[in-house]
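**Student:** Chain by chain, the residues run as shown.
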Amino acid sequence: MSDSTTDALSAVAVDRLSLGEPQWLREQRAHAWDVYERTPMPTTRLEQWRYTDLAKTLDLSALTLSESQPAQDDPTTWPERLRVAMDEDHAASGHIVFIDGRVVHSDLDPSLVAKGVILMSLHEALDQHSHLLREHLTTTVPAEDGKFEALNAALWADGIFLYVPKGTQLDLPVRVTRWLSESGTAYFSRVLIVAESHSRISYVDEVLSDDFSSQTFTSTAVEVVARDGSQVQYVAVQRLGTNAFYQSVQRTLAHRDSKLDTLNVGLGASVSRVDLNAKLIGPGANSDMLGLYFGDASQHFDFNTSQDHLEPNTGSDLLYKGALDGDSRAVFRGIIRVHPGAQKTDAYQTCRTLLLSPGARVDSLPNLEIEADDVKCSHGATVGQLDAEAKFYLMSRGLDRVQAERLVVLGFLGEVMSRLPLGGVVDKVTRAIEEKLAQHG
Amino acid sequence: MPVNETVGDLNLDEYKYDFITTSEPVFRAQKGLSEEVVRQISAHKDEPEWMLDFRLKALKVYESKPMPKWGGDLDGLEAVLDEIYFYVRPQDQMERSWDDVPDEIKNTFEKLGIPEAERKVLAGVGAQYESEMVYHSLREEWQKQGVIFDSIEDGLKNHPELFREHFGTIIPTGDNKFSAMNSAVWSGGSFVYVPKGVSLDTPLQAYFRVNQERMGQFERTLIIIDEGAQAHYIEGCTAPVYSTESFHSGVIEIIVKDNARFRYTTIQNWSNNMYNLVTQRAIVGAGGHMEWLDGNLGSKLTMKYPSCYLMGEGAHGEILSIAYSGDGQHQDTGGKVVHVAPYTTSSIVSKSISKGTGRSTYRGLCKVHEGAHHARSNVECDALLINDTSRTDTYPYIEIEESDASVGHEASVSKIGEEQLFYLTSRGIRADEAMAMIVRGFIEPIAKQLPLEYAVELNRLIEMEMEGSVG
Numbered sequence: 113m114s115d116s117t118t119d120a121l122s123a124v125a126v127d128r129l130s131l132g133e134p135q136w137l138r139e140q141r142a143h144a145w146d147v148y149e150r151t152p153m154p155t156t157r158l159e160q161w162r163y164t165d166l167a168k169t170l171d172l173s174a175l176t177l178s179e180s181q182p183a184q185d186d187p188t189t190w191p192e193r194l195r196v197a198m199d200e201d202h203a204a205s206g207h208i209v210f211i212d213g214r215v216v217h218s219d220l221d222p223s224l225v226a227k228g229v230i231l232m233s234l235h236e237a238l239d240q241h242s243h244l245l246r247e248h249l250t251t252t253v254p255a256e257d258g259k260f261e262a263l264n265a266a267l268w269a270d271g272i273f274l275y276v277p278k279g280t281q282l283d284l285p286v287r288v289t290r291w292l293s294e295s296g297t298a299y300f301s302r303v304l305i306v307a308e309s310h311s312r313i314s315y316v317d318e319v320l321s322d323d324f325s326s327q328t329f330t331s332t333a334v335e336v337v338a339r340d341g342s343q344v345q346y347v348a349v350q351r352l353g354t355n356a357f358y359q360s361v362q363r364t365l366a367h368r369d370s371k372l373d374t375l376n377v378g379l380g381a382s383v384s385r386v387d388l389n390a391k392l393i394g395p396g397a398n399s400d401m402l403g404l405y406f407g408d409a410s411q412h413f414d415f416n417t418s419q420d421h422l423e424p425n426t427g428s429d430l431l432y433k434g435a436l437d438g439d440s441r442a443v444f445r446g447i448i449r450v451h452p453g454a455q456k457t458d459a460y461q462t463c464r465t466l467l468l469s470p471g472a473r474v475d476s477l478p479n480l481e482i483e484a485d486d487v488k489c490s491h492g493a494t495v496g497q498l499d500a501e502a503k504f505y506l507m508s509r510g511l512d513r514v515q516a517e518r519l520v521v522l523g524f525l526g527e528v529m530s531r532l533p534l535g536g537v538v539d540k541v542t543r544a545i546e547e548k549l550a551q552h553g
Numbered sequence: 003m004p005v006n007e008t009v010g011d012l013n014l015d016e017y018k019y020d021f022i023t024t025s026e027p028v029f030r031a032q033k034g035l036s037e038e039v040v041r042q043i044s045a046h047k048d049e050p051e052w053m054l055d056f057r058l059k060a061l062k063v064y065e066s067k068p069m070p071k072w073g074g075d076l077d078g079l080e081a082v083l084d085e086i087y088f089y090v091r092p093q094d095q096m097e098r099s100w101d102d103v104p105d106e107i108k109n110t111f112e113k114l115g116i117p118e119a120e121r122k123v124l125a126g127v128g129a130q131y132e133s134e135m136v137y138h139s140l141r142e143e144w145q146k147q148g149v150i151f152d153s154i155e156d157g158l159k160n161h162p163e164l165f166r167e168h169f170g171t172i173i174p175t176g177d178n179k180f181s182a183m184n185s186a187v188w189s190g191g192s193f194v195y196v197p198k199g200v201s202l203d204t205p206l207q208a209y210f211r212v213n214q215e216r217m218g219q220f221e222r223t224l225i226i227i228d229e230g231a232q233a234h235y236i237e238g239c240t241a242p243v244y245s246t247e248s249f250h251s252g253v254i255e256i257i258v259k260d261n262a263r264f265r266y267t268t269i270q271n272w273s274n275n276m277y278n279l280v281t282q283r284a285i286v287g288a289g290g291h292m293e294w295l296d297g298n299l300g301s302k303l304t305m306k307y308p309s310c311y312l313m314g315e316g317a318h319g320e321i322l323s324i325a326y327s328g329d330g331q332h333q334d335t336g337g338k339v340v341h342v343a344p345y346t347t348s349s350i351v352s353k354s355i356s357k358g359t360g361r362s363t364y365r366g367l368c369k370v371h372e373g374a375h376h377a378r379s380n381v382e383c384d385a386l387l388i389n390d391t392s393r394t395d396t397y398p399y400i401e402i403e404e405s406d407a408s409v410g411h412e413a414s415v416s417k418i419g420e421e422q423l424f425y426l427t428s429r430g431i432r433a434d435e436a437m438a439m440i441v442r443g444f445i446e447p448i449a450k451q452l453p454l455e456y457a458v459e460l461n462r463l464i465e466m467e468m469e470g471s472v473g
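Protein chains in written order, with this note's numbering: chain F, 113 to 553; chain X, 3 to 473.
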């Protein structure tokens with residue numbers, strides 16, 4: 113990619129998006145665009161982009177921004193796959209539906225509305241809760257963090273705001289379902305989740321599409337703040353079609369004694385890049401970071417994770433597992449940083465990959481940087497094949513080869529799901545993986 | 003128990019190699035690196051034209067490459083390089099007998115115990131003082147079997163074809179900035195050839211000593227172990243402590259042919275103001291076996307990642323790495339294994355100890371190329387931290403292009419367990435002794451692979467470092 117400023121992604125587009133927005137936000141977008149223009153496009157010479165060559169995988173100049181009118185808030189007009197995914201999600205505290213980059217539906221249990229819980233599009237929130245947005249928006253994922261962070265902060269068209277007041281506990285997850293349909297489009301959205309002290313929330317965000325005829329780019333910036341003693345679970349399920357480039361930056365801030373867990377499920381898209389940073393910024397904070405992916409054909413997954421321990425007695429535990437078939441490829445780059453003074457840290461990091469076919473390949477870089485001595489830290493990475501004995505056993509019990517392999521892969525990935533505390537999410541993710549395996553077989 | 007508050011008062015001044023010999027070099031090039039210096043070195047060595055060309059080309063490559071931005075802090079290095087002497091010739095010719103080595107130089111090696119070790123346990127000894135090998139000898143029984151153990155300069159003179167066939171082929175000039183620098187100004191080092199089927203049952207040893215202040219040492223070693231042969235080569239390095247920084251940058255090329263076995267042991271105990279940037283690489287043929295045993299105890303900054311390229315079916319590579327970083331030291335070490343052929347196996351075990359403001363970094367690569375089916379590799383890194391100002395990092399790269407390969411990597415970081423300390427002290431063992439015991443236990447898997455005299459040396463060092471470390 114020679115020219116990162118294109119006709120569609122331009123200062124003019126930033127101005128157009130800013131129309132009618134409050135001054136602080138207009139300034140924020142303009143500043144972000146400045147940073148974007150000043151920041152060079154990452155190349156493989158950068159350690160963090162060593163194995164994903166944007167020059168070969170992304171052509172921003174060919175993309176346009178969505179010009180279509182937002183879809184109607186009427187399920188009968190929605191695509192069937194979106195409705196099926198929604199129907200699986202009856203048990204929820206609230207829903208958001210995104211179609212082609214815009215929120216078209218949101219609902220929230222009235223009893224939670226009464227308690228002060230907020231779940232709405234960023235546009236609505238700008239009208240009703242401007243002060244909260246001004247306080248939080250782009251503070252956790254600032255434009256300065258990088259080229260894509262800046263681009264997103266300048267060009268986001270819509271997003272989600274979830275706010276849970278002090279002490280409020282949601283028993284059922286908030287479910288977000290996104291549908292993308294316009295080939296050749298670049299979508300930019302943001303998620304802002306603020307969980308006040310001693311609140312509890314689970315958030316599940318699923319993105320779906322059919323295959324695209326040309327490259328389609330989706331960028332999401334996710335900011336999650338868990339205040340003292342709160343419990344937050346963030347889940348992202350990516351089931352995009354071919355020709356999709358999925359780019360997601362997720363940053364989580366865990367305050368004192370909070371529990372902030374994440375799960376990333378990568379099944380679709382031609383190229384998928386997830387940058388996940390967990391910051392443990394209060395004593396006693398804890399983050400579980402889970403990931404699983406299944407690739408085939410020429411899919412490319414790149415997970416770039418970091419665990420920053422800034423205060424004592426913090427814990428983090430990362431487990432990423434994936435299986436790769438066809439000519440698919442995965443990159444896992446993870447780092448645990450224990451900063452000076454973060455004594456009594458427990459930090460772990462494990463990535464395991466199954467290579468199912470001769471064309472598959474994986475690059476793993478599990479890193480540690482430890483600047484405190486009273487810590488327990490470890491990492492492990494393995495690469496191997498399908499357990500031949502398990503497969504043989506299943507086949508001896510009458511399963512055919514494909515069924516047996518599918519079951520062994522599911523068992524391998526199942527370890528990740530068994531660590532998810534919320535039942536509904538497990539069902540959803542299991543169904544998504546089974547569907548992918550079925551298409552695949 | 004306030005273990006960590008008192009660990010800081012360690013006596014690092016007890017560096018026992020801190021003695022200076024007053025000997026006048028017969029020639030010293032001007033300070034800094036220039037084409038003139040390169041030409042002088044080549045002229046002093048009376049080299050063939052192709053080697054001068056090789057050096058001059060390398061100088062251009064060196065000048066064209068930027069300083070590495072990764073690894074240790076090299077910010078101050080350019081200023082250091084302007085001030086050091088790249089070539090210091092201590093005597094006119096290399097000797098074959100200790101008696102002929104000038105007294106001042108001989109005294110140095112006597113103090114280091116080299117001649118004594120040669121009499122007792124070694125098949126051959128080489129000693130380098132400043133820029134040149136001052137002594138090289140090989141027992142007669144091995145000479146008769148066709149073993150060559152020479153200074154690198156004599157290797158070029160006496161075995162020009164064998165030399166030229168292999169020199170610079172394993173580590174090309176442009177591999178990195180410092181291999182290019184070494185290719186331009188190399189001086190000293192060993193040339194080793196072990197013929198087919200010959201097994202040396204005692205080690206060859208080379209000893210490197212920097213004596214002058216502001217001195218750069220650039221040894222170059224080329225080792226060829228022919229089919230089915232076996233050998234073990236040991237390298238030791240020391241220097242006195244000066245107030246200015248010194249520089250050492252070696253290039254070690256090793257060829258292990260089919261079914262041959264070779265072990266290369268380094269115990270680096272440079273003074274704590276030495277930059278030590280070394281490139282070491284071995285290629286291993288079918289059924290061959292290469293082991294690097296890499297001990298890094300001294301220097302201000304070491305960047306060294308011994309590597310094994312497993313080129314033939316069933317080749318095996320092993321890297322055992324141990325690093326100790328005290329106050330102000332940074333050991334940026336590790337290893338690389340590259341699996342090119344099927345059924346190749348490798349293992350890397352790294353243990354590091356960081357104390358005071360010391361920093362130990364493991365940096366490694368495990369790469370399995372497509373087609374290297376049934377490759378297996380295992381990497382284990384353990385880091386021990388003694389103080390809250392100590393630091394450790396782990397940066398492994400795992401690149402797998404072959405589905406039928408099995409690779410594992412594990413790393414852990416811990417501090418000395420208070421429970422272990424409590425248990426030992428409750429048995430009447432003094433706290434600092436207990437500390438030393440735990441550290442010894444930690445490095446035991448590597449220490450037991452060392453030749454006896456080095457194992458003893460390592461143990462002594464740890465005891466010394468732990469002495470008075472617990473209040």
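Calculated directly from the structure, the hints in this document are not laboratory data. Accuracy of the hints is not assured; some may be wrong.
Below, computed lysine-lysine pairings styled on DSSO-like, alpha-carbon distance capped at 30 Å [to be verified]: (1) F:LYS456 / X:LYS67; (2) F:LYS371 / X:LYS417; (3) F:LYS503 / F:LYS548; (4) X:LYS417 / F:LYS168.
**Student:** All hints are to be evaluated individually against the structure, with a verdict given for each.
**Tutor:** Here is what the structure says about each hint:
1. At roughly 43 Å between alpha-carbon atoms, LYS456 of chain F and LYS67 of chain X are farther apart than 30 Å, so this suggested pair is violated.
2. The suggested pairing of LYS371 of chain F with LYS417 of chain X holds, with an alpha-carbon distance near 26 Å, which does not exceed 30 Å.
3. Taken as a hint, the LYS503 of chain F and LYS548 of chain F pair is honoured in the structure, with Cα atoms around 19 Å apart against an allowance of 30 Å.
4. Pair hint LYS417 of chain X plus LYS168 of chain F does not hold up; C-alpha atoms about 45 Å apart against a cutoff of 30 Å.
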